Amino acid sequence: MSHANETDEVGHAKSTDRGHDQEPSPIEPAVAPSSAVLGVHEMTRTFGEVLAVDTLSLGIEAGELRAVIGPNGAGKTTLFNCIMGALNPTEGSVYLNGSEITGDAEEQRPHKGMARSFQSNQLFADQTVLENIRLVVQTARQGAFSMDLFRSHYSVGRERAIEIADDVGLTADLDAEAKNLPHGEQRRLGIAMALATDPDVLLLDEPTSGMSPAATAETASLIKEVRDDRGLTVVLIEHDMDVVLSISDRITVLNRGEVIATDSPDAIQGNQAVQDAYLGGMREEI
Amino acid sequence: MSSTLDARTRMQRLLSERSPAALLGALAGVLLLGNAAVQKPGLFIDQAIGGLVYGMILVMISLGLALVLGLMGVVNFAHGALFMLGGYFTYATMASYGLPFWAALLIAPIGVGIVGIVIEVVVLRRLYGKEPIIGLLATFGLTLMIEEAARFVWGASAVQPAKPEFLTGGTDLIVTQVGTYRLFTVAVSTISVAGVYYLITKTDFGLSVRAGVQDGEMTEFVGVNLPLRFTAMFFLGSAIAGLGGALRVVEFGIDPGAAEEFVLLAFVVVVIGGVGSIFGSVLAGLLVGWAQFLVPVVLSALAIVTGVSAINVQGISDIIPFLVMIVVLLIRPRGLFGEEGLLE
Amino acid sequence: MSGESTDRATGGLPSMFERYKIPLGLVVLVVALRPLITSEMVLGYNAIASKMLIMMLFVAGFNLLFGYTGLLSFGHAMFLGFGIYIPAILVLNGAWVLPAGGNITFLVGVILALAAVAVYGYLLGTLIVGMGEIYFALLTLAFSQAIYFIVLRNPGELTGGSNGLTQGTLPDFVEQTRGEIAIEAFGLSLDWYWAVAVVFLLGMLALWQIVRSPFGRSLVAVSENEQLARAMGVDTTSYKIWSVTFSGVFSALAGVLLMIQNSGAAIENLSVFTSGDTVLMAVLGGVNYFFGPVVGAFSWLFVEDFLTNFELWQFPLSEVTFVTVDLSDILVYWQFLLGALFVVVVLTAPEEGIWGYIRSVASWLRKRMQQVRA
Numbered sequence: 001m002s003h004a005n006e007t008d009e010v011g012h013a014k015s016t017d018r019g020h021d022q023e024p025s026p027i028e029p030a031v032a033p034s035s036a037v038l039g040v041h042e043m044t045r046t047f048g049e050v051l052a053v054d055t056l057s058l059g060i061e062a063g064e065l066r067a068v069i070g071p072n073g074a075g076k077t078t079l080f081n082c083i084m085g086a087l088n089p090t091e092g093s094v095y096l097n098g099s100e101i102t103g104d105a106e107e108q109r110p111h112k113g114m115a116r117s118f119q120s121n122q123l124f125a126d127q128t129v130l131e132n133i134r135l136v137v138q139t140a141r142q143g144a145f146s147m148d149l150f151r152s153h154y155s156v157g158r159e160r161a162i163e164i165a166d167d168v169g170l171t172a173d174l175d176a177e178a179k180n181l182p183h184g185e186q187r188r189l190g191i192a193m194a195l196a197t198d199p200d201v202l203l204l205d206e207p208t209s210g211m212s213p214a215a216t217a218e219t220a221s222l223i224k225e226v227r228d229d230r231g232l233t234v235v236l237i238e239h240d241m242d243v244v245l246s247i248s249d250r251i252t253v254l255n256r257g258e259v260i261a262t263d264s265p266d267a268i269q270g271n272q273a274v275q276d277a278y279l280g281g282m283r284e285e286i
Numbered sequence: 001m002s003s004t005l006d007a008r009t010r011m012q013r014l015l016s017e018r019s020p021a022a023l024l025g026a027l028a029g030v031l032l033l034g035n036a037a038v039q040k041p042g043l044f045i046d047q048a049i050g051g052l053v054y055g056m057i058l059v060m061i062s063l064g065l066a067l068v069l070g071l072m073g074v075v076n077f078a079h080g081a082l083f084m085l086g087g088y089f090t091y092a093t094m095a096s097y098g099l100p101f102w103a104a105l106l107i108a109p110i111g112v113g114i115v116g117i118v119i120e121v122v123v124l125r126r127l128y129g130k131e132p133i134i135g136l137l138a139t140f141g142l143t144l145m146i147e148e149a150a151r152f153v154w155g156a157s158a159v160q161p162a163k164p165e166f167l168t169g170g171t172d173l174i175v176t177q178v179g180t181y182r183l184f185t186v187a188v189s190t191i192s193v194a195g196v197y198y199l200i201t202k203t204d205f206g207l208s209v210r211a212g213v214q215d216g217e218m219t220e221f222v223g224v225n226l227p228l229r230f231t232a233m234f235f236l237g238s239a240i241a242g243l244g245g246a247l248r249v250v251e252f253g254i255d256p257g258a259a260e261e262f263v264l265l266a267f268v269v270v271v272i273g274g275v276g277s278i279f280g281s282v283l284a285g286l287l288v289g290w291a292q293f294l295v296p297v298v299l300s301a302l303a304i305v306t307g308v309s310a311i312n313v314q315g316i317s318d319i320i321p322f323l324v325m326i327v328v329l330l331i332r333p334r335g336l337f338g339e340e341g342l343l344e
Numbered sequence: 001m002s003g004e005s006t007d008r009a010t011g012g013l014p015s016m017f018e019r020y021k022i023p024l025g026l027v028v029l030v031v032a033l034r035p036l037i038t039s040e041m042v043l044g045y046n047a048i049a050s051k052m053l054i055m056m057l058f059v060a061g062f063n064l065l066f067g068y069t070g071l072l073s074f075g076h077a078m079f080l081g082f083g084i085y086i087p088a089i090l091v092l093n094g095a096w097v098l099p100a101g102g103n104i105t106f107l108v109g110v111i112l113a114l115a116a117v118a119v120y121g122y123l124l125g126t127l128i129v130g131m132g133e134i135y136f137a138l139l140t141l142a143f144s145q146a147i148y149f150i151v152l153r154n155p156g157e158l159t160g161g162s163n164g165l166t167q168g169t170l171p172d173f174v175e176q177t178r179g180e181i182a183i184e185a186f187g188l189s190l191d192w193y194w195a196v197a198v199v200f201l202l203g204m205l206a207l208w209q210i211v212r213s214p215f216g217r218s219l220v221a222v223s224e225n226e227q228l229a230r231a232m233g234v235d236t237t238s239y240k241i242w243s244v245t246f247s248g249v250f251s252a253l254a255g256v257l258l259m260i261q262n263s264g265a266a267i268e269n270l271s272v273f274t275s276g277d278t279v280l281m282a283v284l285g286g287v288n289y290f291f292g293p294v295v296g297a298f299s300w301l302f303v304e305d306f307l308t309n310f311e312l313w314q315f316p317l318s319e320v321t322f323v324t325v326d327l328s329d330i331l332v333y334w335q336f337l338l339g340a341l342f343v344v345v346v347l348t349a350p351e352e353g354i355w356g357y358i359r360s361v362a363s364w365l366r367k368r369m370q371q372v373r374a
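The listed protein sequences derive, respectively, from chains A, B and C.
One point on numbering: in UniProt numbering, the residue at position 51 of the first sequence is 51, and numbering is uninterrupted.
One point on numbering: in UniProt numbering, the residue at position 340 of the second sequence is 340, and numbering is uninterrupted.
One point on numbering: in UniProt numbering, the residue at position 334 of the third sequence is 334, and numbering is uninterrupted.
Among these hints, one or two may not hold up.
Said to hold, decoys possible - With a Cα cut of at most 27 angstroms, we get these calculated DSS-like pairs of lysine-lysine:
| id | chain 1 | residue 1 | chain 2 | residue 2 |
| --- | --- | --- | --- | --- |
| 1 | A | K179 | C | K21 |
| 2 | A | K179 | C | K51 |
| 3 | B | K130 | A | K179 |
| 4 | C | K367 | C | K21 |
What the hints assert, rightly or not - Which bits of chain C does chain B cover? Going by a derived footprint, with three or more residues having C-beta under 8 angstroms, they are:
| id | segment |
| --- | --- |
| 5 | 139-147 |
| 6 | 273-286 |
| 7 | 352-363 |
Read the hints as simulated data drawn from the structure, not as lab findings.
Treat the numbers as computed from the prediction; the structure is a model and nothing was measured.
Backbone N, C-alpha and C fix where the C-beta goes; we use that ideal spot for every residue, glycine too.
Could you build all of it, start to finish, from the sequences and the hints given here?
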């Protein structure tokens, strides 16, 4: 993190002594991608003619809770998908703990210490809550593929799964089928499954979407709690500004696939570029 | 849909991806075909026309299959059964009701189209947007029903109406005589395939259905009655398969087993051509037809030249379509003109 | 898949009965099937019971791939064919130093068949699982057709072409007297049904163990939500490939039994119709459940035999008949009704089938009983 120094003010970041002088993206990351826990270096992803992510760079510090915000279509989920390997970036690279993982298969990444939750509820719908979590614990322990044929699945990862369910407050629903859970609990199950991979870096895609204000606050404190307890690095896509401002250490604002600002919550609130982007975005939507 | 692209540009794009291996393969192919043409000119022309006739029939079946698959995302296993019904309807019109061939050529496709509409409205409509596997299973059940119904009405063995008199003769093509009926089949199928291709890629009707697939809500908002147009599209696909059946039954007869035999071949054609590409299906149908008829000639000619009789594998033509498909998929997993992301 | 019980303490292990009810059910099935099915009242002859067990094993092998991994194979007959043809060809011709017809030759043939099908399944899987499930269905169908045509061509006079292999394919330990098969080994004589039952039980228990193992749960994860499974670190491609491999091996095992059952190799067993029937049996039975294929194969063969052999429907089934209906005209076309039933099942509850229906009725009844008692 030597490059982090004092340059995480918006607009001053270019003064960092990084040796890249190709067409620079307007805002350099606060932490150099190659030395951060999670780094994205000049990533571009296109869909046909559409530029979803545009030479974007990002560096997340160890233990940081970083929120990524931006108007709809800013490229937030595409960024996540490219980081996690669900999509291949058209250009650019991804680093985890300083080593490049851009070409790694998607299923290898959880085993290297990064996990995600999805924007829409992605679950093993016909399985119980316990089995959903247990399957992930099993995978984390045994690797991406294991020919473990001679035991019962009851003997693998059950206790750990119950613990994790307890951590996220799903103990009462262990035996319920995932598809029968209320929406809010399904989202929490998504977080539990991501935690079950035992990650260093956790990427959460709108963990509070569709939740009541009370459940939203609960989930926000849950996220902060697991970060503090486990020393995780968390990257969070979130629309609820109360959540973003209350729990994140830094906020990165995306617009049209580019980073337009990265700063502390207080500074972001006063940032002119951010306000323009949001207002502009809203005007387009109207 | 890739068919929005001009056929010529896509051909150029395919050719521009050439590699030394592909060029070598093409050269070898030309040499082998040339050798066969020199060794057995009569048989070669004969088989080339046989392959063309067969290939056009395959194109007529595959077209409807590719339409429903590419546009609506439903794998219609019952499409072979519709082709089979085309043959039976022709037989019924001519043999049971004593109507002339021309009438059958009109009645059979329309009858099959109506059966297609019933299938679309009663079963397929429930499948849009569901997993394609469900559609495959449901239409597989439909195939069994239609097959069994055909067996009930027309019996288990093949039936064949009498060939119309003016098409019974042969036409002299210098090195060989070709049945006039075969030339007639090629003419009718070419015209109908070209017509359907034009309708889908160039007219408002085809464009609106394709737009509807991209964005159903928007198209309905603009005032196009989408379900009706889907049904019309299905009628079209069924009718042309029925016409294929009508053309084939006169020359080869038809039996209930044709349903599964031909839907399988049509799938092979669509997979080779690339799912989602109408143009690909047309090309692949001809490719499969020719491969099936010409490979035995090529092999036997090669056996003559090299003196190794083992090259002349008996009965290889049955597995040719599958071999072609396996080779194409190994080289180009999406088929010749397939699009990434469809049906995955 | 939904075999987990719900009425147990939260997070606790299910009861012993819950955990072992499937092996228990298999034993009950094997013991009860023949007396039940071969009684005069029902079908009245022996061979059908062993054929049912064989087809149950085959369809269960198929369902490891379809129900548990989410891959629909439309060419499963080819795997059956490995088990039918390879031992038959070896027993008929002998192999290397092994004499034709010998018991050892047969056993070598069986091992060779299972090894060959495993290698073939693995290679096929590697080639095609990555292309999406529709491609998988069509490509298995195409590969199966290619194999069918090769066998039909009778290469090297080995496969017998369209006649199949009808003479000299049985090893010495199989004794045939008046159509009844018995196994003669180590001075003991074992009825064919029980010999099949032993292999059936071993095969089904192995399948059950696969399904309940951590490996099997990963297959279920792949079938339920492939995208999520991959994001959680599951190598979905490898699991699919191995599922094809295992499924092929179990199907070939059923093929070996079928070869002895039919005293030879018939090409019909390799045809697209056999593959189609497999799909029908599994879906009608209920692909979501371990016993789905068992129920599906049973119902299918029962209906096929019952309806095509019994042209008169008499009620009640006793000496004095009140109602006699001649069904011969309709029942010949039972496949039409079956197709219709199949379409309805697929459109309404494609994964539940007959067994799912029985289960839901049973659980409804249980609830009612509890209400009445309370």
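Structure-based check of all given hints:
1. A:K179 <-> C:K21: holds (25 angstroms)
2. A:K179 <-> C:K51: Violated: K179 (chain A) and K51 (chain C) sit about 39 angstroms apart, past 27 angstroms.
3. B:K130 <-> A:K179: holds (18 angstroms)
4. C:K367 <-> C:K21: Holds - the C-alpha atoms of K21 (chain C) and K367 (chain C) are around 20 angstroms apart, at most 27 angstroms.
5. 139-147: holds (count 6)
6. 273-286: holds (count 5)
7. 352-363: violated (count 0)
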